[in-house]
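K.L.:
Line by line, the protein sequences give chains A and B. Using the numbering used here, read the first sequence as starting at 1401 and increasing by one per residue. Using the numbering used here, read the second sequence as starting at 1401 and increasing by one per residue.
No false leads were slipped in.
List time: in silico SDA-like cross-link candidates among lysine to any residue, alpha-carbon distance up to 20 Å:
1. A/K1403 <-> B/S1443
2. A/K1444 <-> B/N1713
3. B/K1629 <-> A/S1725
4. B/K1444 <-> B/E1430
5. B/K1508 <-> A/N1624
6. A/K1444 <-> A/F1633
7. B/K1403 <-> A/D1424
For the record, the hints were derived by calculation from the structure and aren't laboratory data.
Protein chains: 2
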Amino acid sequence: MSKIHNYSAGPCILPPEVLQEAADAVRQWEGQGLSLIEMSHRSKPFVAVMDECRALTKELLGLPDRFEVLYLQGGASLGFLTAAYNFLPEGGRAAYTDTGTWAANAIKEARHLGDVDVVASSKAENYNHIPTLGEVHSGHAYLHITTNNTIYGTQYAEMPKVPVPLVADMSSDIMSRTFDPEPFALIYGGVQKNMGPAGAVMYAVDRERLGATGRNIPSYLDLNVHLSKDSMFNTPPVFSVFTTLLTLRWLQAQGGVAAIQQVNEAKSALLYSEIDRNPLFVGHALMGSRSHMNVTFRLNHEEHAAAFDKSWNEAGISGLKGHRSVGGYRASMYNALPLESVQVLVDVMKELERTQG
Amino acid sequence: MSKIHNYSAGPCILPPEVLQEAADAVRQWEGQGLSLIEMSHRSKPFVAVMDECRALTKELLGLPDRFEVLYLQGGASLGFLTAAYNFLPEGGRAAYTDTGTWAANAIKEARHLGDVDVVASSKAENYNHIPTLGEVHSGHAYLHITTNNTIYGTQYAEMPKVPVPLVADMSSDIMSRTFDPEPFALIYGGVQKNMGPAGAVMYAVDRERLGATGRNIPSYLDLNVHLSKDSMFNTPPVFSVFTTLLTLRWLQAQGGVAAIQQVNEAKSALLYSEIDRNPLFVGHALMGSRSHMNVTFRLNHEEHAAAFDKSWNEAGISGLKGHRSVGGYRASMYNALPLESVQVLVDVMKELERTQG
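Sequences are here, hints too, so could you generate the full structure?
P.N.:
As structure tokens, then:
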């Protein structure tokens, strides 16, 4: 079978060597005589995996010592509730930006626990940009943002500067670019884009800010409970954590987040410049809000769709169909997607112009 | 390396052919050209996996049509909260039995949402038996039980007969024996014993009893939300669900739950009869409460420990050390553990008697 250029929006492409090593460990974990997935999570080898995964996350993100990393279950969708439980005080108020489907879901879950002020929204424009921030004041416990909006292909170019801590769902751009962690109380995200396979969610939390809500929090939703158990309050998602560690080790070998950011910027520059140059295509996200991870675009004339779809399929490209909320196409270019795959797509776009333009 | 007899309490032994097929799919999923873990969960092949996994669960458990099956995240520990959210009405009351550490945790989480009457407890005897049930009345929304207590090696021989629906955490004996599902409103359990690898939790719920609590339930904790999305409200734990399906297919090929129950009873009879016969050993769980899944026992004289530990280690047995709450030894004999492995342990016990008795 010829090489597949995997543009899946998530779960998504992982490095081939990670897939190989994860497969080997499922068959028999090197040196253990058993499969990774039939061993106790309390065994020394797996405790070492969890510890390294937490420590390497902290190192790659350049987090200050006061941050602690957890790998739990439930995805960012449960994270929406967990974030509010841990940082929205009883009777309190928080600020949220509404930048897409997942941001709106975060708002919905937080409203179970307190008042939410939506201080910015681009919903009326089908979330095609990151909206200008309204007033955030010291009466807000935090400002919640979704740093990258997978469906719409928008991304915060800079993190907002506000007088309260930031809480961010970084599911779809974590580990893709550097950022200053100082303003953050909590960073969380499903691992199934840049960090690993589906089945785990990462929380990086400033432990000094925890425990101040006055709430009696159910155990699984209490980050302090998980911290007190070194991320093993209950059986962790063993395979997902192990394979996340392999992916983080791969990232470290690439030179870390700053190095992969350069590659990611080269990939997105290549594709956006073709979208802007090629008269057959137009982008969805506005300039200044464009995502380096998910590039949303469409044909100017629907009559070219059949030829374009045939061409990219024949070129071995998969996962390019846009989300139903936006239509058109979406090229998800996570860390493990090589520049070569982007060149293949750009070549198909150029060829379409030559034959149909 | 010689064969390992894997007595791990969970995550635990899985059938070798399941490990092989899961490993192959992580490398490259047959016919897909991609790894299982780098594809969209919305792809047709994975949707088919989820659908088959849910349907096969229902078939193997012999559940009536009104039951629906979900595969979610968070383990039984989040299930404790989910169970109460979905079945304990606002201002309501439920009955719980306290038969071990996990049962006590279930009680703790339910108390976030309403009143709990503990209608039976064997805590004072270090949970060495299933206690006689106190009064359960129609003022209780349900009776919650933990059908098998992994740490203590006790198990309900018969499900309680009460005038209210049953809610059960079956994490450590689901799919190991047949039972009448009629009295149940909800059955749930982490899959990491008899059903698959860590990372997923199964809910089998009577949909006709859902939605009656008067609560505004956070989305991830609302079983109706998950049902409305066919168990894909958010990204599911892809690898865990896939490998659970492989394990369920294996179980079906063994003849299903009734057939594996015969094997499980033969295994536990072999080991319990040796514990009872051999003057060097004594069981922890009382007769009538003994688990077929987790056999807890200890030496009558600690002076034999060094020789015994050396012998079972040399025989290739792993995971036999008891939980710190009970001490001694625990032989976890889940579905995939062959009778041959139990014979190896029994032979070691007999040999200890011959040389040390």
